[in-house]
Amino acid sequence: MPELLSTEARERLVSYFEERFGLGTDVFHPFYMYAFKRQVFLFRRQEEMIPLPEGSFVRCGLPFVRLVAGYLKPTTVFLQRFGQAGSQNTVSLEWKDVKALCSAGEISLDKASMETGRLEPQGYVIIKALGHVLGAGLLLEESRLLCRFPKAIRQALARIATL
Amino acid sequence: MKDAFSRFLEDYRDVIPDFQEYLLDLKTPLPVYFRINTLKTGAEPAKKLLKQEGVVFQETCFSELLLVKKQDTDRPLLSYHLGYIYPQALSSALPVHALGPKPGDRILDLCAAPGGKTTHMAQMMDDEGLIFANDRKLGRLTALMANIKRLGITNTVVTQARGEHYRADFKFDKVLVDAPCSGIGRYRIDPAGRIRHMRPGKTDLPAIQKALITRGFDLLRPGGVMVYSTCTLNIEENEAVVHYLLQKRPAEVTKWQPPVKWSPGITRFKEREYEEGIGLARRFYPHEIRSVGFFLARIVKH
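Chains as they are written, first to last, in this note's numbering: chain A, 502 to 664; chain B, 1173 to 1474.
Calculated directly from the structure, the hints in this document are not laboratory data. If you're wondering where the values come from, they're calculated on a predicted model, not measured in any experiment. C-beta atoms are modelled at their ideal positions from N, C-alpha and C, and glycine is treated no differently. Any given hint might turn out to be false.
[To be verified] Restricting the straight-line Cα-Cα distance to at most 20 angstroms, the calculated cross-link-like pairs of lysine to aspartate or glutamate (EDC-like) are:
#1 B:Lys1241 - B:Glu1216
#2 B:Lys1242 - B:Glu1231
#3 B:Lys1433 - B:Asp1190
#4 B:Lys1343 - A:Glu549
#5 B:Lys1274 - A:Glu549
#6 B:Lys1442 - B:Asp1186
#7 B:Lys1343 - A:Glu595
#8 B:Lys1219 - B:Asp1244
#9 A:Lys574 - A:Glu607
#10 B:Lys1420 - B:Glu1300
#11 A:Lys629 - A:Asp611
#12 B:Lys1274 - A:Glu548
#13 A:Lys597 - B:Glu1231
#14 A:Lys629 - B:Glu1336
#15 B:Lys1309 - A:Glu555
#16 B:Lys1220 - A:Glu549
#17 B:Lys1223 - A:Glu595
#18 A:Lys600 - B:Glu1225
#19 A:Lys629 - B:Glu1448
#20 B:Lys1343 - A:Glu555
[What the hints assert, rightly or not] Looking from chain B toward chain A, a few residues come up when the C-beta cut is under 8 angstroms (computed):
#21 Leu1250
#22 Leu1302
#23 Leu1313
#24 Ala1333
[Said to hold, decoys possible] FRET-style restraints, in silico, Cβ to Cβ:
#25 B:Glu1193 - A:Met550: 50 to 56 angstroms
#26 B:Gly1214 - A:Glu504: 32 to 38 angstroms
#27 A:Phe537 - B:Gly1272: 29 to 35 angstroms
Okay, chain B solo, but in the shape it has when bound (with noise of 0.2 angstroms):
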């Protein structure tokens, strides 16, 4: 895995921008969010209890995350127990500010556990409309129930199924594809040089993407919206996947403006060419964002 992540490496010293910056970052931890459920009380209170539990934060581009800048990591927190926060990455909020739910919408997010991009839909949606909250492993449907119980949510539906094989009885108006993935924008090195947050396996991923995107489209209403999001930097995983979709689907790739630092969809890597359209796919590299790097396509179904 390790000569992996190192081939990686290689391949992507001129795709990465600032790449000695990229590799100086990987050596340090990655920041803490804490989104605030706004279900459960006012951004105000929750802030005033955080403070009053010795937590230290800053604002950040999206109104209900703060970044955690100092925290007594040994005492549990109240905030958590209430439901009032859940931690997470900044990256995890892009899906779902580009997928932008409204209530009343009816939505499937395939690949949901442990579900802090589901409770955030929910929590856009101010808990109204629908969602399903889809995963393959009871396991993991475990962390994803404690969540939304957590954090109070009431529209969803959690199921367990194989996103590539999923079956439902109507068309939802957005569908979220947070497919599974290598996790190379989560890595990080340690002091002793080891690689943290790699995930082992030989299964195919880009396969499986490949699966997930198709089905994710399919169970889409016309002129609906789907996101495609991975925490990889990995083209194989990510444009390829688009591409793939883009050929065999009546669907594009629309446009979303983050409002952190990004970098286009790659059209053209190692003599193979991907469609115009996957320039306005969006890159999140972790030394530009200080979170896990991450890719996302927002894509309109014709």
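Chain A extracted, bound-state conformation (with noise of 0.2 angstroms):
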């Protein structure tokens, strides 16, 4: 069964994405965080706890952030929904771009010509095109940016001719 996060960790998680991505606590005031099979779940806060089921329960809530090699990644769904109020950290990259990203896995960044805001030298970022948020990108040595799109959609971005 998934368990609510403590006080501590919650607000160490809630720093985190102030401190790297610019979401406000506001952000997450909305939500339980549970953590569940190594991933830490969004699960929308009711006007008094409910009981979770426990011979029937699967899972609850939208997957959120697991640690992965040391770092904390958020999931591209919870990007996808709650990156667009990101405001640093974030890599604006043009289509032709997306496509070299997902079929290489690995594009350079030429920070010069891209709309990037506040960029630290590494960790995860969060990935637009065309004004929609696509997902997490890891970013090493300053300029090495490794997709880390799930597979599905990574394939099938590399298979978009143009938009």
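Grab the two chains, each in its own frame, and use the hints to assemble them into the complex.
Next comes the structure, spelled out in structure tokens:
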């Protein structure tokens, strides 16, 4: 069964998202955070806490974040829903760059030609194109941008010729 | 199975309006609709992206539903992968609108997979309140969870249990019983004369449906609303099931005015009579709404 995060663990996550992406505490206020199967889930806060059904429970809420090789990785679905409010560590790509990223799995980031806002030299970033949030990328060594979209999305995007 | 459908056609010749039109319509493909998921984007940005992707569409009687007129089917849609759209039949929107989910409601979707109606309800609730989305089969739950994720929904608890024996620690404001059925409303006849979308099996569907509708009703709070729906036109799986509930429980079928063409529930068929209130149930025929044939009854608990 999922475990409600302690106040301290919740605050650590909220602080991380505020510092890394500029996503304020108001984004997370309407949700409980549950740890379940090595992920944290956002589950809509209720007027009164409801007991989760023990015998039949499968999952609740939206997968939000997990720990990958020491980094906190936001899920694609979380970023697609809430990432539009992100103000830093965000990279806006041209469609040709999205295709290259999805095909090769990695591109060299030419920051001069991109709208990036404040960008730290490494860690997860929000990737946007045409004003839409596509998902997460991992920035390494300041300019290596690795694709971290789920395989199905990556394959689908690589096949879209142009928009 | 083909014989069973032939028998169905014979039995329902006088029940289905414009029967010859119905037979002709069976030979045409059903149109596809996209529901815009406003939890992830505004309607206008979603429509703009669909146009950029070469989709030609038309507005419908439901503001969130678009009729797809033309689409390059070989090309994956970015709109889909971003969770902006959910492809569905127009009929699938009917039970959700009949139930009328509101933010803050506690709703049980007893037979939820693959999640079209669950995610539609979450959208109408602004992702507030609570949905228990249940299904019996693990394989079908995978699709349900994938759709909840893709559409970015946070207010849903997914459970796996037999609906007939579903247990909860509280009562729900609203319950949707979109019951497993023979799927006759979905049938199409291909150019070779074969019947498409037929579901094999010898399960006693009315017995399961009666158990589901009763359990769904028992999990409803007094004054709560339940919608019972199927995608079949078979009276034994529709009116007879609602009749059973009305006999067993303090339930009342209430009026709902659909925005598409409908016919009233049938109260007399083959020397069998059903409760008068069943006339307030709604039947939707595929040739009249250009979508899957459907039945629904909106039921209130006293």
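- Message: Hint check: Lys1274 (chain B) vs Glu549 (chain A), CA-CA at most 20 angstroms. Holds or violated?
- Response: 17 angstroms, holds
- Query: Quick one, is the Ala1333 (chain B) hint okay against chain A at 8 angstroms, beta carbons?
  - Reply: It holds, given that the least Cβ distance between Ala1333 (chain B) and chain A is near 4 angstroms, below 8 angstroms.
- Interface hint compliance - Leu1250 (chain B) to chain A, C-beta minimum distance less than 8 angstroms: Interface hint status for Leu1250 (chain B): holds (6 angstroms vs cutoff 8 angstroms).
- Task: Decide if the proposed pair is consistent with the structure: Lys1309 (chain B) and Glu555 (chain A), CA atoms, cutoff 20 angstroms inclusive.
- Result: Holds - the C-alpha atoms of Glu555 (chain A) and Lys1309 (chain B) are around 17 angstroms apart, at most 20 angstroms.
- Query: Given the hinted pair Lys1343 (chain B) and Glu595 (chain A), is their alpha-carbon gap at most 20 angstroms?
  - Reply: At roughly 51 angstroms apart (the allowed maximum being 20 angstroms), Glu595 (chain A) and Lys1343 (chain B) break the hint.
- Holds or violated: Lys597 (chain A) to Glu1231 (chain B), with C-alpha atoms at most 20 angstroms apart: 32 angstroms, violated
- Message: Given the hinted pair Lys1420 (chain B) and Glu1300 (chain B), is their Cα-Cα distance within 20 angstroms?
- Response: 33 angstroms, violated
- Can the restraint linking Lys1274 (chain B) and Glu548 (chain A) be considered satisfied, given a maximum Cα separation of 20 angstroms? 14 angstroms, holds
- Holds or violated: Lys574 (chain A) with Glu607 (chain A), Cα cutoff 20 angstroms? Distance of about 17 angstroms is within 20 angstroms: holds.
- Are Phe537 (chain A) and Gly1272 (chain B) spaced within 29 to 35 angstroms by their CB atoms? 31 angstroms, holds
- Distance restraint between Lys1442 (chain B) and Asp1186 (chain B), which requires alpha-carbon spacing of 20 angstroms or less: The hint holds at about 11 angstroms.
- Message: Given Leu1302 (chain B) as an interface hint, is its Cβ closer than 8 angstroms to any Cβ of chain A?
- Response: Cβ of Leu1302 (chain B) sits 6 angstroms from chain A, so the hint holds.
Going through the hint list in order, the structure does not satisfy hints 7, 10, 13, 14, 16, 19.
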